[in-house]
Amino acid sequence: MTRTFLARNPSTLWFLLVLALFTLGVTVLAEGFGIGLIPTAFVKVLGKTLCLCLVALAMDLIWGYTGILSLGHMAFFALGGYMTGMWLMYARTEEIVVQALAGSPIPPTPEEVAQGVATQIFGVVGGSDLPVVWSFAHSAFLQLPLVLIVPGVLALIFGWLAFRARVNGVYLSILTQAMTLALALYLFQNDSGLRGNNGLSGLQNLPGLADVPQSTLSILFFLASALLLAAGYLLLAWVTSGKFGSALRAIRDDEQRLRFLGYPVEGYKLFVFTLTAMVAAVAGAFYYPQAGIINPAELAPIASIYLAVWVAIGGRGRLYGAVIGAAFVSLLSSWFTGGMAPAIPLGFYTINWVDWWTVLLGLAFVLVTLFAPRGIGGLFDRLPSPRRHGAQLGPDDGALREKEADA
Amino acid sequence: MTTIAPARTTSLLEVSGVSVTFDGFRAINNLSFAIGPQELRAVIGPNGAGKTTFMDIVTGKTRPDEGTVVFGEVPRSLLRMSEAQIARAGVGRKFQRPTVFEDQSVSENLMLALKAARTPWRVLFWRETAKDRVRVAELAAQVGLADDLSRKAGELSHGQKQWLEIAMLLAQEPRLLLVDEPAAGMSFLEREQTTALLVELAKTRAVVVVEHDMEFIRRLNCKVTVLHEGSVLAEGSLDHVTKNPQVIEVYLGR
Chain A
607 MTRTFLARNP STLWFLLVLA LFTLGVTVLA EGFGIGLIPT AFVKVLGKTL
657 CLCLVALAMD LIWGYTGILS LGHMAFFALG GYMTGMWLMY ARTEEIVVQA
707 LAGSPIPPTP EEVAQGVATQ IFGVVGGSDL PVVWSFAHSA FLQLPLVLIV
757 PGVLALIFGW LAFRARVNGV YLSILTQAMT LALALYLFQN DSGLRGNNGL
807 SGLQNLPGLA DVPQSTLSIL FFLASALLLA AGYLLLAWVT SGKFGSALRA
857 IRDDEQRLRF LGYPVEGYKL FVFTLTAMVA AVAGAFYYPQ AGIINPAELA
907 PIASIYLAVW VAIGGRGRLY GAVIGAAFVS LLSSWFTGGM APAIPLGFYT
957 INWVDWWTVL LGLAFVLVTL FAPRGIGGLF DRLPSPRRHG AQLGPDDGAL
1007 REKEADA
Chain B
34 MTTIAPARTT SLLEVSGVSV TFDGFRAINN LSFAIGPQEL RAVIGPNGAG
84 KTTFMDIVTG KTRPDEGTVV FGEVPRSLLR MSEAQIARAG VGRKFQRPTV
134 FEDQSVSENL MLALKAARTP WRVLFWRETA KDRVRVAELA AQVGLADDLS
184 RKAGELSHGQ KQWLEIAMLL AQEPRLLLVD EPAAGMSFLE REQTTALLVE
234 LAKTRAVVVV EHDMEFIRRL NCKVTVLHEG SVLAEGSLDH VTKNPQVIEV
284 YLGR
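Chains as they are written, first to last, in our numbering: chain A, 607 to 1013; chain B, 34 to 287.
Only chain A is shown next, with the shape it has when bound in the complex (with noise of 0.2 Å):
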């Protein structure tokens, strides 16, 4: 091999490039090391857009370049911030408890102070029992494996009956709007074991780092997100090429021929529904301590919808068209929802994007659609498109339109 995985993929180059451009600038600007230009809570934002980013690459992996059009993927972003939440919720408030029985004459024996956390934790929904899903949760070392075996055992269990059946196209999309929806409603019981509707609280605070200002801490989280999408990016990029990549969009426009070439479909489907489960754990986990709080209305089936859209918009099939619909969708969807984009009074009515953004984000699906079926990431795509002689590209559903394939 004469010419270096950079080499043979300039795009991912040019997007590590980017990031890290992006990445020194926000460091530059920001409160923590830098000038103080960019409010903390911003960098907040920003950092959880990375995490975003990339989900919507696992999104690409599975939908743009596999065609299947998995609309739970939210579901298990969510459930790797559970995961790391429980040990943040549980070391913060082991932290308060010690603190408030420090007072105590006689020193708090370990059961005391478990005791003392459990109550905590669950006096909210009237417990006083740390539930048996909380067994590792005083611990990082145990905890946090399980924000990748969680969501891997529950895509594997789940994709390997749903492919085994050879559940296709819509069909498939519903049946991860069922598990999402269905996982929602069970984490909604307050006899789940998850502080029910209530929610994982506080994951803002790092075990013994309570003394480090926000600003800092939301810097560093700033900095591994990147450093974690650089790597996510690095890991699809190297799955999409060579011929896993090309078996990948083989089976998104016509799987029935693969497997006359010999190749085990389901067995495909499986590993990649698996891994992508697991990125988007990963990136789940490091967004929810960015953002604060979860709970189980993050699994709504419309998390997964808007996912959807994001890759659409940015352009499906290609990694750095998910990073983009992902980065401005998410970004402009916080300015127009946050109150910053101006109300425009006609008169008679007012228009207040609070309401009317997903009518704007709807409208703006369908022109992508339409008008620039390659997305926002096709725009960089400079060549001319060959000519085919049909316009499929395949007889698959999932199948990449003639007009969304690059050259």
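Hints are supplied without guarantee of correctness; some may be wrong.
[Stated by the list, open to error] Examples of chain B residues lying across from chain A (beta carbon under 10 Å, computed):
no., residue
1, G69
2, G93
3, E99
4, S115
5, F128
6, M144
7, W154
8, L157
9, R160
10, F221
[Said to hold, decoys possible] Computed beta-carbon distance windows for the label pairs:
no., chain 1, residue 1, chain 2, residue 2, range
11, A, L619, B, E161, 16 to 24 Å
12, A, N796, B, T54, 29 to 37 Å
13, A, N958, B, E161, 40 to 48 Å
14, A, F648, B, K94, 40 to 48 Å
Worth flagging that the hints you see were computed from the coordinates, not collected in a lab. Glycine is no exception: its CB is placed at the ideal position from the N, C-alpha and C atoms.
For chain A, the structure is supplied; the task is to place chain B on it using the hints.
Chain B in isolation, oriented as in the chain A frame:
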């Protein structure tokens, strides 16, 4: 002297007593068929005779209601295997409509088809070697696509797509090749080339050609199986079957 081994060991594929019913319609009715390891065979029959269903059964797309399908020198039943497993066991299929991966280049199409490990994990870590590139170039040259390796398959003409698909089949190195109407949509010259290729291929493997075109079958100069209403009506040389009064009645005489 020991007795000569029974016929089954000399055939590569043996289909016996196979029946399949779709919504009460018997598409295949007690069909039996055998082909040797180096044999060219033409299968003809009117529309609805069960030619495509027969191929679907052999390649695992359709499960028969009864009967057996056995393949290989060490006979293995194909009935419990998935499409992908059957393909890996050495059964290749050429569709009537050219089916190539339109959004991928000619060389990517060929690399996908090249005989190699197929499991996700092995493919993920697979990287092409100089040997693979040479093999892909050879295959492309064999079907006249040597200058088109980096073009997208979707840009090729209909005939070129047919050739690309044939090259992909060769890359798979199958021991049994099922070819559905290869002459459809081909020019006279392309037909001549296709005939020569199929005859050449049958020297090293079994080739089953399903075809409507009598002139094309005459050129193949091989044993012919006539299907009618899901079972074998006649079998033998083309001259032999065309003299069969039943065959004349159902197929040729119209």
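To see whether the hints hold, each was checked on the structure:
At about 23 Å, the closest approach between the beta carbon of B/G69 and any beta carbon in chain A exceeds 10 Å, and the interface hint on this residue is violated. The interface hint given for B/G93 holds, since its Cβ lies 8 Å from the closest Cβ of chain A, which is under the 10 Å cut-off. Taking 10 Å as the C-beta contact cut-off toward chain A, the hint placing B/E99 at the interface is violated, the least distance being around 24 Å. Look at B/S115: its Cβ gets to within about 7 Å of chain A, closer than 10 Å, so that hint holds up.
Contact between B/F128 and chain A, as hinted, is supported at the beta carbon level, the nearest pair being about 8 Å apart and thus within 10 Å. With 10 Å as the threshold, the beta carbon of B/M144 comes within range of chain A, its nearest partner Cβ sitting at about 6 Å, so the hint holds. The beta carbon of B/W154 comes within 8 Å of a beta carbon in chain A, closer than 10 Å, and the hint placing it at the interface holds. Hint status for B/L157 relative to chain A: holds, with the closest Cβ pair at about 5 Å, below 10 Å.
Hint on B/R160 holds. Least Cβ distance to chain A is approximately 6 Å, under the 10 Å limit. Because the beta carbon of B/F221 sits about 22 Å from the nearest beta carbon in chain A, more than 10 Å, this interface hint is broken. The hint said 16 to 24 Å for the Cβ distance between A/L619 and B/E161, and at roughly 21 Å that hint holds. A beta carbon spacing of about 54 Å between A/N796 and B/T54 contradicts the range 29 to 37 Å that was offered as a hint.
Separated by about 57 Å at the C-beta atoms, A/N958 and B/E161 break the suggested range of 40 to 48 Å. Take A/F648 and B/K94: their Cβ atoms lie about 56 Å apart, and the range 40 to 48 Å is violated.
Of the hints listed earlier, those the structure fails to meet are numbers 1, 3, 10, 12, 13 and 14, in rising order.
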